[in-house]
Amino acid sequence: MTLKVEVDEQRCVSAGHCVTSAPDVFDQRDDDGVVHLLDGAPPERRHEQVREAALLCPAAAILLRERDGSA
Amino acid sequence: MSDVLVIGASAAGLATAEALRRRGFGGTVRLVGAEPHPPYDRPPLSKQVLLGDWEADRTVLRPPGALADLGIETTLGRRAVSLDTARREVALDDGTSLPYGDLVLATGLTPRRIGAFAEQAGVHTVRTLEDTGRLRAELAGARRLSVIGGGVLGCEIAASARRLGLDVTVIDPAPVPMADRVGPEIGAMLAELHRDHGIVLMSGAEAEAPVVSGGRIAGVRTSKGTVEADVVVVAVGSTPATEWLEGSGLTLDDGVVCDARCRAARHVYAVGDVARWWHEEQGRYVRLENRSNATEQALAVAGNILGADRPYLPVPYFWTDQHGVRMQVLGRPAEADRIRMVERTPDPRKFVAVAEAGERPVGVVGWNSARGLRRARALLTDGSRPH
Ligand SMILES: Cc1cc2nc3c(=O)[nH]c(=O)nc-3n(C[C@H](O)[C@H](O)[C@H](O)COP(=O)(O)OP(=O)(O)OC[C@H]3O[C@@H](n4cnc5c(N)ncnc54)[C@H](O)[C@@H]3O)c2cc1C
Ligand code: SF4
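As they're listed, the protein sequences go chains A and B.
Under the numbering used here, residues 1 to 71 are what the first sequence spells out, in order.
Under the numbering used here, residues 1001 to 1387 are what the second sequence spells out, in order.
Rather than coming from a laboratory, the hints here were simulated on the basis of the structure.
Incorrect hints may have been included.
One side only, chain A facing chain B, incomplete, derived with CB under 8 Å [said to hold, decoys possible]:
#, residue
1, Ser14
2, His17
3, Asp32
4, Arg51
5, Pro58
6, Ala61
Every residue, glycine too, gets a C-beta built ideally from N, C-alpha and C.
Work out the full structure: start from the sequences and follow the hints.
Here it is, written out as structure tokens:
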């Protein structure tokens, strides 16, 4: 399974839920707190956290594309 | 495996359906919503959409096809009209009935109206895309806006209208805006922010009746005198959308009353703005009206449907954007007896304040300080829970 992560900075409301859920994948910019993607293709062991972050993001600013390993 | 039926296709209903799937639920998931639109987001309505920075379709919460890909069956433009918990069925406004294994109530709120202002042309409430479209269209040809209600929504609408160039007056009985959410000190800072941007705050004033001229609104009569206005927004809070549940046997009291696991009855759960659940740590019923709660509670409800059996114990969180300031609020700062600045910068427009009741921190307010706010979050949690 591969998981591609994208963030929409325009939508982000700087809530930081993503950083709390998956600190190795998301960070927040210093000045305005807008999401900063650290890892657009995180390893499998982070997938659960990333899915949780995408669900919790109150601005629907995290987009996930999942593919089976065969693809 | 039983089926889950979700009534209300907005932030909370959508997140519950998605969370069930993401956690491997294999049964049928049906999402029914009264609005004709696919699930969309409300916070931008008083901000980007009202300002015209975003087209309406940018508020859609998931790309087309995403729900179908997850195997979530969506029925839009259909209203639930009654619930039979004995037969485990929900009747819809087209005369059909849907059975359920577990039911999730996610019907949100309806804006409260003021009797004297109801049905008057030029008077608006804001909850839906249509509401926002109508208001935006009217503001385009107007000069003066009166906002009745200095809560979060009223303040945001006032700020957006000001940026659109209108003369704006906010009418509210309280001395400062949003004090019930952030306490008097931060409320006073907000008042100053609004005044600096040219908004007239009519504090300590009660809106009494519309002033009408030639069928159109011309102003608002208040306990402190009359304000002229071409457009009026009523933002005096909202009531849980539970009328359709009268007689169902559920306890309805300022929302759908639930136990600590957000369960209203056997196989019935409530989530989001409509849910009032027993908060085990606070020992009281709590209902939250904010966007983060919609998704967090959805995760909790999905978990409990799947057998997690865990109480819902969130740290309340909301944000608001006014005049270019992003304010973020954790916990319940209005319950504090004092505030203490913990992170100050040379820039007075950036700070983090902790609200304390006695020695105990009960809330954190960040003013243009997203990262500082996240650091301070630890003060409100024991660190064992992620949120
Ligand atoms: C203009 C505006 C700005 C906001 N800004 C912020 C903000 O900046 N920050 C923040 O934290 N929060 C904000 N909020 C609050 C946030 O949007 C809500 O907390 C959130 O929408 C709650 O989601 P919900 O799914 O519980 O309810 P809702 O979004 O109200 O959705 C309920 C849905 O159920 C449908 N429904 C109702 N009755 C029935 C029925 N009988 N049958 C079928 N469907 C039904 C409704 O049509 C609606 O689509 C804002 C709200 C508004 C209106
Ligand atoms: S959770 Fe969403 S809104 Fe919050 S910082 Fe992350 S991307 Fe932005």
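So, going through the hints one by one against the coordinates:
no.	hint	in the structure
1	Ser14	holds, 4 Å
2	His17	holds, 7 Å
3	Asp32	holds, 7 Å
4	Arg51	holds, 6 Å
5	Pro58	holds, 4 Å
6	Ala61	violated, 10 Å
Against the hints set out earlier in the document, a violation occurs for number 6 only.
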